[in-house]
Amino acid sequence: MTEPEILRYTRETGDFSRLLASIPYAGFIGLTCDRFGDDLIFRLPRKETNLGNPILPAIHGGVIGGFMEMSANIYLMMTQDSLRMPRIVDFSLDYLRAGLNRETYAECRLTRQGNRVANVMVSAWQKSRSEPIATARAHFLLED
Amino acid sequence: MDNQTRINRVTRFINTLNQARELGISVTEADEGTLTLCLPYDDRIIGNPDTGVIHGGAITTLMDTTSGCVILCALDDFELCPTLDLRVDYMRPAHPHQPVYARAETYRITRNIIFTRCEAYQEGGETIANCVATFMRIGKDASPKQFRDLITGGEE
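Respectively, the protein sequence lines represent chains A and B. Per my numbering, the very first residue in the first sequence carries number 5; after that it's consecutive. Per my numbering, the very first residue in the second sequence carries number 27; after that it's consecutive.
For reference, chain A alone in the conformation it holds in the complex:
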């Protein structure tokens, strides 16, 4: 997915700009990431082209999925010791509230790290972290 050199740079500096610039889809939906100590917070800005339901209006459910999926992927890349790249196996998403046309945040948790498979939980929210708009669970295959 990404050059080992960019990955090393991102891990050492906590500057995600080079990594994100190398992934077109991240820019397509506008995903950014900030590191606070060891924690990563992913951010999806308010963006007209990300909308689905025009009545509310609300962010397209697929964009919320793509945002959370990429968050989980980057999170896992950052928590691995080696430079191996995680490959997504499955992704399960529960929509809890409408994602309104405003900034959205996501954080991830490594539920289980096996030798070959990792399980990551993702939670996305807007107004308050205690009121998630969606939660997701993903399995990744880790290969050298």
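Read the hints as simulated data drawn from the structure, not as lab findings. Relax, there's no trap hidden among the hints.
Here are the simulated DSSO-like cross-link-like pairs (lysine-lysine), alpha carbons at most 30 Å apart as the crow flies: (1) Lys131/A / Lys166/B; (2) Lys51/A / Lys131/A; (3) Lys51/A / Lys171/B; (4) Lys51/A / Lys166/B.
Got chain A sorted already, so can you dock chain B onto it with the hints?
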């Protein structure tokens, strides 16, 4: 409702979804309770710059859109049904520079819930991903009549 009416309704609905328009998603085929949509290849949705493979998020959006829109092909009256959950299993990366198709069907419709399944594939028939989803029926009055008329073309 004939298949041309289904195609028209889904096309009008997709055109109201900014993200679907941005991705250039279009209707390939519609029938009673089944629908096929097409996602064209685009450099902007690449997830892996080394291989040119598109990101799973774009596939998720294609499958979410197809699964949500197949409901329009199953119910006579237009109802906006929010997604409750979605599970995607990735079989293999999509070949770059080729469109991805998604074919969805409603396999069970109850008073409150609609169950769908969907397969994403490319020409040649290789499966890219499978998806099952559930949608909640909030009733046709949950969306404004003006919007319903826009989708149905005022036929109801």
